[in-house]
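So the protein lines, in turn, are chains A and B.
Position one of the first sequence corresponds to residue 1 (my numbering), numbered consecutively onward.
Position one of the second sequence corresponds to residue 610 (my numbering), numbered consecutively onward.
Just so you know, these hints were derived from the structure itself, not from any lab.
In this text the structure is predicted, and so the values were computed from the model without any measurement.
Using N, Cα and C, we set each Cβ at its ideal position, and we do this for glycine too.
Keep in mind that a hint or two might mislead.
Chain B is nowhere near these chain A residues, computed Cβ spacing over 10 Å in every case [to be verified]:
(1) V28
(2) Q120
(3) R274
(4) L333
(5) A537
If you want the footprint, here are the derived chain A segments under chain B, 3+ residues with CB under 8 Å [said to hold, decoys possible]:
(6) 68-81
(7) 352-363
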Amino acid sequence: MDPTLILFGIQAVIRLGKIGKDASEQYVRDAEALFPDIREPRFDRGTFVTDFFLNDDYQHFVKGADAPYKEFWGSHGVKNDLNSIDTLFAAAVQIKSEEGIDMNKWLADSQVIAGATLVQQWDPNKPAPLSPFARVILAAGDIALEYVSVNPGLLGAGGNGQKLIGAFAKNLSDLLPDDGNFGDNHKFGERLLGAFLRAGLETINSHPGWVVSEAHMQKLISASVEPIVKALPANITGQIKYREVTDALMGPAASAAMQTLAKYPDAFFGEDFRAEAAIGALTQALLGQAAKTGLNDQFTKAGLLDLYRAALGVAAQKPRLFLKSNGDPKDHLAENLIANFASVLMQAPPPFNGSVGVQLAAAALEAVSANAHRFAEQAKPWEQTASDMVSKVAEQLAKAFKENRGIENAFSKAQLIELGQIMFNHIASTPEMILGPEDALAQLVGTVAQAMAKDDKLLLDSGDWLEIAKVAAQEAAANPARLFKLDANHPNQTLAAQIIKSVLSSAGAIFDQESLKGKTVLFGKTLRDAIIIVLGATSGNPEAARKNLLSIESLIAGLNELVAKNSDQFGDKEWLHLFRVLLTSVLEGRKLDELTVESARKLLKERVR
Amino acid sequence: MRMRKIIFLVFLGISVLLNGCVTLSLRQANHELADLYRAKSEAIKSEQWEQEVTVNAALLALADEAATQGADKSISEVNRISFYRIAATAAWQAGDAKVVMYAADGFSLCTPENYQTVPRDCGMLSVIPDFASVDELTKRIEDIQRRVSGAPNPPTEQEVVQLFDDIKSRIDSLLAKRDPIKKSSAHPELIQGIDKRTGKILCSHLRTVGVLIARVAGDESAAYRKAKCDDYKFKVEMKKFGFSQQIADCLPAGDPIKPQGCQ
């Protein structure tokens, strides 16, 4: 069918709609009508058992000399006391269960609240006054009219609305056969196109400054709808499932795709249509995955759509990641991307199995896509790398939280996501950390996680840990083979983890001394800075750190005691300065003199000079 | 939370309409009916009776407004019929007796020509009062069930038999209205829906009241024997109409067995 005819038809409906609502009335009149069900009487045991045992098949249980339950039965059915009613009810359940009928299920089913049916006006097998084409056009006109009533200027000549409808009309004309014999696929496709039209109008309404390109819009719609229509399964069960997820997801997915168009206008101009092709592949992957796993508590509609939204951003900005050199979508890439994340998120331990996991996935996607050039030639597909990153972070942090519930409670959802972002952003710029044989990502996350697990006195808060994670990630990205390499003498632990644990343990020791614990300065920001200082100082010289670990602990313990005992003279600033100076000596292997008030003052004076 | 939002939005919409700011369109009326029905179902499911009362009030307001549109002679008759269909459905769900008037007013517009144009709406208008009546009778059934189990004022035989006869009348009425609907161009889902509900009235409502007759009058009483014979006659008639076990689960696969003493 000629697209200009469709466009003309829709515009006619809209114009008529502006001067009087009669034009689309028939369509509205013929829309599905609610036909409520009737109420059924509430279940009543007395009525139920009387009905049951009045049945010719079961009367012998209650009537006659040998009837086993005759004492519970009277001339008016079951005797009107609770014992009789309950006894006969139990007997009925047993009788039915011996017949192989699950009475509990039967009763539960019978108590389901009545629903309603939706009934169409017309018998599809009898002549109706609307041709299939007219119905399709009126359906589109009806959607557009909804938005025109809110924003009358929406469909002005050359405006965004008109371009959108133009794109819709072109797609519709490609979809529908000229002979008017619409099959299931055409009707399905028509509904999908309707979702895009609605989403487009919604987006235009909410982004008045958006300049729509009709050609790009057309390509986006066709790239998204065509593969979905083609993938409609042939069997009944498969179709039901596919249609269910499509009904649930297509509207919001179309909306998200349109929002992406409005958000990244530069990606949708000129002769480059790669972003549309990438988004189309993603949309199909989204529905395919949902049809495969179903929408359930673990894998919710909202979660799936969040994931889709995150991937849309990548598709808009880096479409080549999804495409072959000829511009066609890479085989199974979008599908694998959604499926891999779906699998990681389904298996992720709490608290990473819900919205936090999805947000982490989005952060990982963003980090990898921002460094896409670094991952392009690697043996492992980038989409696999991104989901692996989420898996590792979730696994290590969950382990730490299991060991230290206090630290888990200290982190808000937003901070957990920030923690993930810090790791991803630093390490994505060093693909070797993720792809190399050392698995430096796991070691970095493990280091921070193990340290967090050991902070059982909660000397640091979540904000402190985020700062430490930043420094750790920077150091790890700069020198992965030093502090963040697994220690041969302590399998499963990096040197950095051992250092942080030592600092924490020394800082915590003073809390066991009743007289000093109220005077220590080594917690919170001071402790955080101390860890940052020690990480910075040791990353250049891991060997010295390994050799002098015990000396570092002694230094911290000594400094703590000195400052706590002389809290009127020394505070946090003095503690940190002394630590910085003395740590250098410790790492150089020099034996420290006994730390006294006088020696400390001397060192502090040198700072002033 | 979601239900409260729906109720609030629908109330807001209706109050705007009632203040005369906007005229209710058919599309709006259809959407509001669906939203309120959903809210009512959720209220019943969660046993939030206060919310059910609130939704019923909103349904009645919608019914009145749709009926006002239905009475507007400046609108085409076929559109007025659709408005009346919404008015009658909303009044039914509100449990208000205006359902009978709205359905009658709407159905009076169903001339042979209009019946051809809006067959589903005319068909629904003809049966909605029967179903609304059954919903009302259901409350009477539940009241009698409560009283038969030892409440201070036990039901009388006459009262239960009257209830049985009222339900029978509804089945008779629905069966009589089947033919024109079946022959019309209305979507087959309509007649299937009507049949399914009629089957439910036979298998659940009438059957329950038959048992109540036995509990009130005795299972050897003439009233109970007559109830069994009436039940049998309906089964025979419905089998003739083509009702199956899938539509009415109390129907036998073969011919119904005639109880002793029935003519």
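For each hint, the structure was consulted:
In this structure V28 of chain A is not separated from chain B by more than 10 Å, as the shortest Cβ-Cβ distance comes to only about 5 Å. Under the 10 Å C-beta cut-off, the non-interface status given to Q120 of chain A relative to chain B is violated; the minimum distance is some 4 Å. Under the 10 Å C-beta cut-off, the non-interface status given to R274 of chain A relative to chain B holds; the minimum distance is some 40 Å. With a closest Cβ-Cβ approach of about 37 Å to chain B, L333 of chain A is found to remain outside the 10 Å limit, as its non-interface label requires.
Every CB of chain B lies more than 10 Å from the CB of A537 of chain A, the least distance being 54 Å, so the non-interface label holds. Check result for the stretch 68-81 of chain A against chain B: holds, 5 residues qualifying (beta carbon to beta carbon below 8 Å, three or more required). Under a criterion of three residues with beta carbons nearer than 8 Å to beta carbons of chain B, the stated coverage of the stretch 352-363 of chain A fails, only 0 such residues being counted.
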